[in-house]
Amino acid sequence: MPPGLIFMVVFSIFVVAVVANVVMVLLIRVDPRLNTPMYFLLSQLSILDTVYICVTVPKLLQDLLSEQRTISFLGCALQIFLYLTLMGAEFFLLGLMAYDRYVAVCSPLRYPALMNRRVCLCMVLGSWLGGSLDGFMLTPVTMSFPYCASREINHFFCEIPAVLRLSCTDTSLYEALMYACCILMLLAPVSIIATSYARILLTVHRMTSAEGRRRAWATCSSHVLVVSIFYGAAFYTNVLPQSYHTPERDKLVSAFYTILTPMLNPLIYSLRNRDVAAALRRALGRCASPQRVRARPHPGEARRGTAAR
Numbered sequence: 001m002p003p004g005l006i007f008m009v010v011f012s013i014f015v016v017a018v019v020a021n022v023v024m025v026l027l028i029r030v031d032p033r034l035n036t037p038m039y040f041l042l043s044q045l046s047i048l049d050t051v052y053i054c055v056t057v058p059k060l061l062q063d064l065l066s067e068q069r070t071i072s073f074l075g076c077a078l079q080i081f082l083y084l085t086l087m088g089a090e091f092f093l094l095g096l097m098a099y100d101r102y103v104a105v106c107s108p109l110r111y112p113a114l115m116n117r118r119v120c121l122c123m124v125l126g127s128w129l130g131g132s133l134d135g136f137m138l139t140p141v142t143m144s145f146p147y148c149a150s151r152e153i154n155h156f157f158c159e160i161p162a163v164l165r166l167s168c169t170d171t172s173l174y175e176a177l178m179y180a181c182c183i184l185m186l187l188a189p190v191s192i193i194a195t196s197y198a199r200i201l202l203t204v205h206r207m208t209s210a211e212g213r214r215r216a217w218a219t220c221s222s223h224v225l226v227v228s229i230f231y232g233a234a235f236y237t238n239v240l241p242q243s244y245h246t247p248e249r250d251k252l253v254s255a256f257y258t259i260l261t262p263m264l265n266p267l268i269y270s271l272r273n274r275d276v277a278a279a280l281r282r283a284l285g286r287c288a289s290p291q292r293v294r295a296r297p298h299p300g301e302a303r304r305g306t307a308a309r
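Residue 286 in my numbering is what sits at position 286 of the sequence shown, and the numbering runs on without skipping anything.
No lab work stands behind these hints: they were computed from the structure.
Derived CB-CB ranges, DEER-like:
1) Asn116 / Leu78: 30 to 40 Å
2) Pro112 / Glu67: 50 to 60 Å
3) Val22 / Arg117: 15 to 25 Å
Positions of the beta carbon are idealized from the N, C-alpha and C atoms, including for glycine.
Please construct the entire structure, taking both the sequences and the accompanying hints into account.
And the structure:
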């Protein structure tokens, strides 16, 4: 594909992703019906996705328009750190969102107490802390290797496997440790998700009401779809051995979860979630038909009009 066409496609996706995530955050902020723990966590996911796509796409767009496609050593290190931090934070946040759904479906009467504002804030801060630990551990080690083999990264951003291919020393031990670290980091949120949805399935199976089952599935289906997309791409990148990887395939998968996923998440939640769709319709309705304020006549004018009659 010519660079100009790639630029238009990526730029369009970038604009849609940023606008959709910002609209999602504003909707949850202003609509009182969405002031619940579930939507608070969803707004944090939208904030994560907005920052996440801004780490790689603006530099990619700049490179597509420029003949000299370069990035500084510090810029590459910063991109690696932010990418690892945000990806790790999203791993943990998606896992904690599954726990939120478990409490909502399996313990609805205790939901306000178990998922209060303080607990939600601790969940969000814990997600960011877990992601930043991954960034702080892997970024300095990655950038400490001597890179004398080449200066050309066969990728559209500084992803660790692509950067390590430029090292003139053996990095196999570090790569093995890195993959072990990634698996351990994935283990916690995946365990939370698997346990939460196993309990949800048991609870839904015991429900006698068809309406109750439908509402339970509607509550969880959007989250399951988002988790499947994000974790599937991350599993390929971080867990599968190097024999499965090729530069072109890596770029395609990376584009999927760094560019497409931040756009898909708010669209999935807005299209599949009745509350979000209804809030969006209400907001659009208020914008399309603003209230008209009727001007009150001046008392003197009102008296003159009465006298004339």
